[in-house]
Amino acid sequence: MLNNTRPYIFVIAVLITLFGFYNYVVYNTDGYVTVEKLSSTAVKGQQLFQSNRCWSCHQLYGLGGYLGPDLTNVYSSEGKGSNYIKAFLNSGVKSMPQFNFSEDEKNALVQYLKQVDETGIYPNYNAEFEATGWVKIKYRNETSKD
Amino acid sequence: MKTKAPIYFLLFALIALFLGMFFGMTASFQYLMPEFIKESVPFSKLRPFHVTSVISWIVLSATGSIYFFLTYVEKFKIFSPFLVKVHFVIFMLTGIAIYISFAFDYTEGREYFAFAPILIIPILLGWVLFGINYFKTLYKNVKGWPVYYWMWGTGIAFMCYHLMEAHFWLFDFFRLNFIKDFAVQWKSTGSFTGSWNMLVYGISIYLMSKIKKDSDVATNKTVFFFYFLGLTNLMFGWAHHTYLLPTQPWIRYVAYAISMTEWLVLASIIYNWKRSVLKVEKDNNPMAYRFLLATDFWIFINIILALLFSIPAINYFTHGTHITVAHSMGTTIGINTTILFSALFFIVHQLYPDFKTDRKWVKRGFVSFNISLIIFFVSLIIAGAKRSYWMYVSKEGSFSEIQDSLIPYFISFFVFGIAIFVSLAIVAVPLFKAFIRKIK
Numbered sequence: 001m002l003n004n005t006r007p008y009i010f011v012i013a014v015l016i017t018l019f020g021f022y023n024y025v026v027y028n029t030d031g032y033v034t035v036e037k038l039s040s041t042a043v044k045g046q047q048l049f050q051s052n053r054c055w056s057c058h059q060l061y062g063l064g065g066y067l068g069p070d071l072t073n074v075y076s077s078e079g080k081g082s083n084y085i086k087a088f089l090n091s092g093v094k095s096m097p098q099f100n101f102s103e104d105e106k107n108a109l110v111q112y113l114k115q116v117d118e119t120g121i122y123p124n125y126n127a128e129f130e131a132t133g134w135v136k137i138k139y140r141n142e143t144s145k146d
Numbered sequence: 001m002k003t004k005a006p007i008y009f010l011l012f013a014l015i016a017l018f019l020g021m022f023f024g025m026t027a028s029f030q031y032l033m034p035e036f037i038k039e040s041v042p043f044s045k046l047r048p049f050h051v052t053s054v055i056s057w058i059v060l061s062a063t064g065s066i067y068f069f070l071t072y073v074e075k076f077k078i079f080s081p082f083l084v085k086v087h088f089v090i091f092m093l094t095g096i097a098i099y100i101s102f103a104f105d106y107t108e109g110r111e112y113f114a115f116a117p118i119l120i121i122p123i124l125l126g127w128v129l130f131g132i133n134y135f136k137t138l139y140k141n142v143k144g145w146p147v148y149y150w151m152w153g154t155g156i157a158f159m160c161y162h163l164m165e166a167h168f169w170l171f172d173f174f175r176l177n178f179i180k181d182f183a184v185q186w187k188s189t190g191s192f193t194g195s196w197n198m199l200v201y202g203i204s205i206y207l208m209s210k211i212k213k214d215s216d217v218a219t220n221k222t223v224f225f226f227y228f229l230g231l232t233n234l235m236f237g238w239a240h241h242t243y244l245l246p247t248q249p250w251i252r253y254v255a256y257a258i259s260m261t262e263w264l265v266l267a268s269i270i271y272n273w274k275r276s277v278l279k280v281e282k283d284n285n286p287m288a289y290r291f292l293l294a295t296d297f298w299i300f301i302n303i304i305l306a307l308l309f310s311i312p313a314i315n316y317f318t319h320g321t322h323i324t325v326a327h328s329m330g331t332t333i334g335i336n337t338t339i340l341f342s343a344l345f346f347i348v349h350q351l352y353p354d355f356k357t358d359r360k361w362v363k364r365g366f367v368s369f370n371i372s373l374i375i376f377f378v379s380l381i382i383a384g385a386k387r388s389y390w391m392y393v394s395k396e397g398s399f400s401e402i403q404d405s406l407i408p409y410f411i412s413f414f415v416f417g418i419a420i421f422v423s424l425a426i427v428a429v430p431l432f433k434a435f436i437r438k439i440k
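Just so you know, the sequences run in chain order D and B.
Numbering-wise (this note's numbering), the first sequence opens with residue 1 and increments by one.
Numbering-wise (this note's numbering), the second sequence opens with residue 1 and increments by one.
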């Protein structure tokens, strides 16, 4: 059994202090690109996205479920956009359940996806691979250099 | 008289495991037949049931095992047996409330925490009670903690913090800034997993030290070094989940650097392979020993995969594909579940020293579990590689076409998912009966 645990308590204390500082900075740091805050309509759309568990099947930035396509840029993709999204919502195609969203709800979801779209691109083909294993990605609305 | 609450935790953990696998299999069938029961129970409804149930399996079995080790094996006088019972009742009632929340579509939460956000309050309360009981009990009984006590203690504390952090989105300060909000969501999810890993990996070290009857396993400087390394990764390594999200680059640099320290873990596993595993005394705990051997194999496979996709240049191609699913299934089933089954066999041996655990069918179940998991895992890796090829190389065809082309791998995933269910059922039946006998 150990007798001298002081060094371990010291290491834990240092790590927790660093963690507290790190969290403070992460929570108070905006993204790398300039984006507008979600509007009240977009927030309503986000609530619908969550309460209907859209994330179960769909992804944003490659995070979420795998049964449906990624929706990060569905708003701005060629041949897609607002009407395409609205048409899909209540269609019940393949494994997608048939929802009964009102016009207001459809507009809210479109607004949410529009604002998500404005934050960046996924998958992003504008990438440079470095020898260190790092990937430099060119984002939309970049305000500073990587 | 010792409280039977730990046994209740373990019994309900097994129930959660099999419910979780049942929901998972039903949901995965919709990959093969998209129209299957989709109007009554769509995939989007089944997935939260599946995810919550399997997380409950890990959390309940880890909690029950820790309570059991403290009271039955170490024979500590628990600070408050009453609080253990209250903890169990809170978790059970909250579990029922979560299922009701899912059944009636009160799912305002997010991935992994889809339930009505108010339910996080009793969950947190349960963890706080666990923490009070744990720290008060150990403070009285132990001077100089072996590493597993540190791991369980930090696991409980960080679990409380990250459960709260996963609900920061309820505040407009986070919610209105999509990039920050999304980053914090995945920060909390990654560290939530890291927190339960602290509990489960602590259990594996506890089992090693007890089965080997060698306390040095849990007290030497190297094991503490790796504990601190794991804790550092829990705190700062989460951002490899969000390399492609436009967060500030320094967040990603830190995550990349921290994640690469896990090469040390891999090197250590290879260096210590023979020493750490093959000399384990297995006579008294044959099945606990076998499951720990399986754990070693799955750690080896999964750490290589995790290290590779923590490199941004590789992550770029694997992110958002089934390779990530292979990793999460490989770790929760291959690592967490094998450690927890090892703990259950160890516990049954403690309850009934004459109980024969390595029965013929149990051994067969163990073998078929591992073979099925290998095929299940490889199916996901191939499906992920094909999806990545479609996303970054061919870029041809619609999402629907690529999904259709993956059906052979989804069939394999589904069939071997059933095989994992059946294998674990064979292994679990004697454990379940033993626990039932104990509480009668």
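Some hints here could point you the wrong way.
[As the list claims (entries may be wrong)] Take a look, some chain D residues computed to stay more than 10 Å from chain B by CB distance:
1. D70
2. N83
3. Y84
4. I85
5. K94
6. S95
7. F101
8. K106
[As the list claims (entries may be wrong)] Per label pair, the in silico range of CB-to-CB distance:
9. E78/D with W250/B: 56 to 64 Å
10. R6/D with Y99/B: 44 to 52 Å
11. S394/B with G92/D: 23 to 31 Å
12. V25/D with L32/B: 43 to 51 Å
13. K94/D with L93/B: 36 to 44 Å
14. L264/B with R6/D: 18 to 26 Å
15. Y99/B with N126/D: 38 to 46 Å
16. V89/B with S91/D: 39 to 47 Å
[To be verified] Stretch by stretch, here's where chain B covers chain D in the computed footprint (C-beta under 8 Å, at least three residues):
17. 8-16
18. 23-37
19. 50-56
20. 61-68
21. 121-132
Calculated from the structure, these hints are not laboratory results.
The beta-carbon is built from N, C-alpha and C at its ideal position, and this holds for glycine as well.
Hints and how they fare:
{"no.": "1", "hint": "D70", "result": "violated, 6 Å"}
{"no.": "2", "hint": "N83", "result": "holds, 18 Å"}
{"no.": "3", "hint": "Y84", "result": "holds, 13 Å"}
{"no.": "4", "hint": "I85", "result": "holds, 14 Å"}
{"no.": "5", "hint": "K94", "result": "violated, 4 Å"}
{"no.": "6", "hint": "S95", "result": "violated, 3 Å"}
{"no.": "7", "hint": "F101", "result": "holds, 14 Å"}
{"no.": "8", "hint": "K106", "result": "holds, 18 Å"}
{"no.": "9", "hint": "E78/D with W250/B: 56 to 64 Å", "result": "violated, 34 Å"}
{"no.": "10", "hint": "R6/D with Y99/B: 44 to 52 Å", "result": "holds, 46 Å"}
{"no.": "11", "hint": "S394/B with G92/D: 23 to 31 Å", "result": "holds, 29 Å"}
{"no.": "12", "hint": "V25/D with L32/B: 43 to 51 Å", "result": "holds, 46 Å"}
{"no.": "13", "hint": "K94/D with L93/B: 36 to 44 Å", "result": "holds, 38 Å"}
{"no.": "14", "hint": "L264/B with R6/D: 18 to 26 Å", "result": "holds, 24 Å"}
{"no.": "15", "hint": "Y99/B with N126/D: 38 to 46 Å", "result": "holds, 45 Å"}
{"no.": "16", "hint": "V89/B with S91/D: 39 to 47 Å", "result": "holds, 45 Å"}
{"no.": "17", "hint": "8-16", "result": "holds (count 4)"}
{"no.": "18", "hint": "23-37", "result": "holds (count 9)"}
{"no.": "19", "hint": "50-56", "result": "holds (count 7)"}
{"no.": "20", "hint": "61-68", "result": "holds (count 8)"}
{"no.": "21", "hint": "121-132", "result": "holds (count 7)"}
Violated hints, listed in ascending order, are 1, 5, 6, 9; each of the other numbered hints is respected by the structure.
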